[in-house]
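*Asks:* Go by the hints and put chain A onto chain D.
What follows is each chain in one-letter form.
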Amino acid sequence: MSNPSPIDPTALETMLEMVGGDQTFVADLIDTYLADSPALFADLHKALETSDAVLLRRTAHTLKSNSENFGATQLAAIARTLEERGKQNEFNEVDELLASATTEYTRVEAALIAARPV
Amino acid sequence: MAAYRFLGKAMSTILIVDDSPINRKLLVRALQDLGYTTAVANDGEEALELLQANPQAYDLVLLDILMPRLDGYGALAAIKNDPLLYELPVIMITSVDEIDSAILCIELGATDYLHKPFNAALLRARVGTSLAAKHLRDQERAYLQSVARVTTAAAEVEAARFDPASLTEVAERPDELGQLARVFQRMAHEIYARERRLRLQIEQLRIDIEERQQATSEEVTVYLPIDRRVALAEGRDLPERAQGAVLIADISGFTPLTEALAHELGFQRGAEEITRQLNRIYRTLIAEVDTYGGSVITFTGDAITCWFADDTPFAPSASENGTARALTCALAMQQAIIQVGNVATPGGLEIRLALKVVVVSGHVRRMLVGDPAIQQIEVLAGAIMETLTTGEHIARAGEVLAHSSAIEALNLDYNGEWRSDPVSGDQFALVSELPYATAAPWPNITSASLASADLRPWLAAPVYERVRSGQSAFLSELRSVAALFLSFSGIDHEGDPAARDKIDAFTRWVQAVLNRYNAPLLQLTIGEKGSFLYAAFGAPVSHEDAPLHSIRAALELRTPPPELSFITSIHIGISYGQTSAGAYGGPTRRTYGMLGDRTNLAARLMQYAEDILCDDALYKLTHPRIKFVALPPLSVKGKSEPVPVYRPIAEIAIGNPASQIDQLKPTLQLVLKVASVIGNTFSEPLLHAVYPVAADIPELALCLATLSDHGLIIPGSSDSANPTWSFAEASIRELLYSRLMYAQRRQLHRAIAEWYEQAYADQLAPYAAVIANHWAQAEEREQAIRYLEQAATVARQRGDNETAMHYLSESLAMSNQ
Numbered sequence: 000m001s002n003p004s005p006i007d008p009t010a011l012e013t014m015l016e017m018v019g020g021d022q023t024f025v026a027d028l029i030d031t032y033l034a035d036s037p038a039l040f041a042d043l044h045k046a047l048e049t050s051d052a053v054l055l056r057r058t059a060h061t062l063k064s065n066s067e068n069f070g071a072t073q074l075a076a077i078a079r080t081l082e083e084r085g086k087q088n089e090f091n092e093v094d095e096l097l098a099s100a101t102t103e104y105t106r107v108e109a110a111l112i113a114a115r116p117v
Numbered sequence: 000m001a002a003y004r005f006l007g008k009a010m011s012t013i014l015i016v017d018d019s020p021i022n023r024k025l026l027v028r029a030l031q032d033l034g035y036t037t038a039v040a041n042d043g044e045e046a047l048e049l050l051q052a053n054p055q056a057y058d059l060v061l062l063d064i065l066m067p068r069l070d071g072y073g074a075l076a077a078i079k080n081d082p083l084l085y086e087l088p089v090i091m092i093t094s095v096d097e098i099d100s101a102i103l104c105i106e107l108g109a110t111d112y113l114h115k116p117f118n119a120a121l122l123r124a125r126v127g128t129s130l131a132a133k134h135l136r137d138q139e140r141a142y143l144q145s146v147a148r149v150t151t152a153a154a155e156v157e158a159a160r161f162d163p164a165s166l167t168e169v170a171e172r173p174d175e176l177g178q179l180a181r182v183f184q185r186m187a188h189e190i191y192a193r194e195r196r197l198r199l200q201i202e203q204l205r206i207d208i209e210e211r212q213q214a215t216s217e218e219v220t221v222y223l224p225i226d227r228r229v230a231l232a233e234g235r236d237l238p239e240r241a242q243g244a245v246l247i248a249d250i251s252g253f254t255p256l257t258e259a260l261a262h263e264l265g266f267q268r269g270a271e272e273i274t275r276q277l278n279r280i281y282r283t284l285i286a287e288v289d290t291y292g293g294s295v296i297t298f299t300g301d302a303i304t305c306w307f308a309d310d311t312p313f314a315p316s317a318s319e320n321g322t323a324r325a326l327t328c329a330l331a332m333q334q335a336i337i338q339v340g341n342v343a344t345p346g347g348l349e350i351r352l353a354l355k356v357v358v359v360s361g362h363v364r365r366m367l368v369g370d371p372a373i374q375q376i377e378v379l380a381g382a383i384m385e386t387l388t389t390g391e392h393i394a395r396a397g398e399v400l401a402h403s404s405a406i407e408a409l410n411l412d413y414n415g416e417w418r419s420d421p422v423s424g425d426q427f428a429l430v431s432e433l434p435y436a437t438a439a440p441w442p443n444i445t446s447a448s449l450a451s452a453d454l455r456p457w458l459a460a461p462v463y464e465r466v467r468s469g470q471s472a473f474l475s476e477l478r479s480v481a482a483l484f485l486s487f488s489g490i491d492h493e494g495d496p497a498a499r500d501k502i503d504a505f506t507r508w509v510q511a512v513l514n515r516y517n518a519p520l521l522q523l524t525i526g527e528k529g530s531f532l533y534a535a536f537g538a539p540v541s542h543e544d545a546p547l548h549s550i551r552a553a554l555e556l557r558t559p560p561p562e563l564s565f566i567t568s569i570h571i572g573i574s575y576g577q578t579s580a581g582a583y584g585g586p587t588r589r590t591y592g593m594l595g596d597r598t599n600l601a602a603r604l605m606q607y608a609e610d611i612l613c614d615d616a617l618y619k620l621t622h623p624r625i626k627f628v629a630l631p632p633l634s635v636k637g638k639s640e641p642v643p644v645y646r647p648i649a650e651i652a653i654g655n656p657a658s659q660i661d662q663l664k665p666t667l668q669l670v671l672k673v674a675s676v677i678g679n680t681f682s683e684p685l686l687h688a689v690y691p692v693a694a695d696i697p698e699l700a701l702c703l704a705t706l707s708d709h710g711l712i713i714p715g716s717s718d719s720a721n722p723t724w725s726f727a728e729a730s731i732r733e734l735l736y737s738r739l740m741y742a743q744r745r746q747l748h749r750a751i752a753e754w755y756e757q758a759y760a761d762q763l764a765p766y767a768a769v770i771a772n773h774w775a776q777a778e779e780r781e782q783a784i785r786y787l788e789q790a791a792t793v794a795r796q797r798g799d800n801e802t803a804m805h806y807l808s809e810s811l812a813m814s815n816q
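First to last, the sequence lines map onto chains D and A.
Letter 30 of the first sequence, counting from 1, is numbered 29 in numbering that gives the first Met the number 0, and no numbers are missing.
Letter 484 of the second sequence, counting from 1, is numbered 483 in numbering that gives the first Met the number 0, and no numbers are missing.
If we strip away everything but chain D, and leave its shape as in the complex, we get (with noise of 0.2 Å):
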């Protein structure tokens, strides 16, 4: 799988055209999508460990959907993909699974503060 940039450029192009170019708005919301996610990650951790698949489902889909906005998409994948397991209640792979979205969060956070503004 080669590596290009963990986000789409055209997402955050869309959400400023959503809130009429507001670049502190959009910053304050990368803002709240980097505050909110370490959180999730510690979730997904703690439905891993125990095989809660409720909170697996749910937090793996508050991170695909808030990676989806800023155009994450292999992040939101790999969410995707956490997501089906806690819905049909299979641990199996999910292990690996929270350890690549690990690593492509990290490359998205850096990705993210540079595509800041302001």
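Hints listed in this document are in silico derivations from the structure and should not be mistaken for laboratory results.
Since this is a predicted model, take the numbers as computed values, not measurements.
None of the hints are false.
Derived lysine to any residue pairs resembling SDA-like cross-links, with alpha carbons at most 25 Å apart: (1) A/Lys24 to D/Ile112; (2) D/Lys86 to A/Ile105; (3) D/Lys86 to A/Ala76; (4) A/Lys24 to D/Asp27; (5) A/Lys79 to A/Asn53; (6) A/Lys24 to D/Gly20; (7) A/Lys24 to D/Asp30.
*Replies:* Just chain A, lined up with the frame of chain D:
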């Protein structure tokens, strides 16, 4: 809570339900930028709490699917199951991979879905579309609700329980419905105000009428002789045969006074003034009769006939028997007329009214005859009445004549002048002074002591109704009246024990004939040499066909039925003209009668008639329908010129007037039809004004002349500025009116009402009732009500509360329709 909202983003509130703070923030910001108001909920449960707390506050829900506590499916299901929320549009927020879920949600009732990540254009479009649909639905619902409210209001107005405030909200709408509601509200306000006003007025009138009835049931009693009143109140019968004295007081000088007043004041005011003068004299004379314990039995034009009974509670000694009191009264009357008999006319003429009084003693029969259901009539009969008439003929103004019977009854040694009647040989003493006789006052009879059932038979029904309802003032009016005098003989009053029964049978038959024409029998006079009766057509209840009715009645009365074959030599005189009809007399005794030149003429014509004679006025009004023979003009007493007279032979069988009308040219038929809408009498200028075919108008005068030749209409007023015509018979008018199409009638009635409004713009009041009727027939209710109210005011001003009440009730009924 506004039931109705107008399209406008600022007014639209969108509830965003998402557990993701990022999504929430993003959507809040994006939607606020689009101008919407937003609210947020973190999950389905929180969303439902907000929605249920205030179901009307939100216009759209953006609902995420996967959320803690209650997810999007659950929230959507709850919304769609809530009767207050199910119409609220819901847009599902879905991920691209949740398309199946989105479709499921739409099946569950969601309006649309939105993908994440959000796209500004899609968001704007979907939110906009959903809200527009919602607003459209809201508007539609609000509109239907408003329509329902106006409809309900209409039903409530009809049921008279409408509250104008119930439309206030609808009336705030800026659209046509709001306009309708405002107009409706205003109209309802007006109708309510009007109905309240009418009810109040009617209530007030009812009180007035009741009060007046209270006061006037006493007035009804004065239409009975005072001794009859006392007997009724004490539950006694007056004996049919009684001993005492009769007195006739005949006022002379009224004919010159009538002429002078008519000349100076005109006919109408002259007639009013003569009535006033007559009543002033009557008041004085009747007061004397009361004082001496006499009772006024009958009024005959300008004379009163009174009875003074020997046997009354007021005759304690022989020296104060009926005769003594009658003669004392006669002298007192002569004293009084000196005081009150001088009349100065407005034009400066001095006219002296004088009195001749005759007293005869003996026994009299006081007979009650007539059908009590129509009117019970008291007549004095007996030889004593003949003697009285004889004395009346030979008495001169200013004299009191006492018949020899009276001198005997007084036990007086009379040495004065005697006057004798050459035919009968009766001797009358010219009395100038007497020992003074007195009488105790008549007991005061209040209405309370007499039941209306006892009173009712004493007055002709139409007179009774008016007097009873406090309209006796209204009874006095100048009317076109046909007066019918009928003389008859064939009853031996002294010798025939069945005399009373025979008079009664004849009177009842006459009453039955007259009653069909609503004509009261005003007077019945019984005498050996001649009995006569007097009836009026057209008063107190006016009738368009009074002239024709009087002749028809005369033709019927000419030949009594076989069971009355004892009645012989019937002679009838009829005349028609302006007559002052009204209540005559004083406060303690009154009658309903007619005064007028034409009335006297009828009495004269009776004397000359072979069977029936009528005057030229009646001939002119009825000749198309009656076959007449013109007789040579007759010289009658009281007329300087010989008067044209006619003898009606029979009613002309004109067959079916309908076929006669059918044979007329269409133009003539139309003229009659248009005239029929105006009324039984119609003015030519009005006919011109409303006649719908312009091309015919130059020929209208000719048409009217032709119709007159056909005997269908009769010329009325000869006022060249405003010539009028009447239908020869009301039934002709009814027939033509019935042939008009409904729409035509309405159109014509409207035109006529408008014509009156224009023609009499500066003095509409007297025409208010006529105009109201035309507007009512034109189905212009508002106008009709307005004029009815005005007519009621006019009626009230002249004291005719009954009529006022009738108009008001009519307008109230119309208002309630």
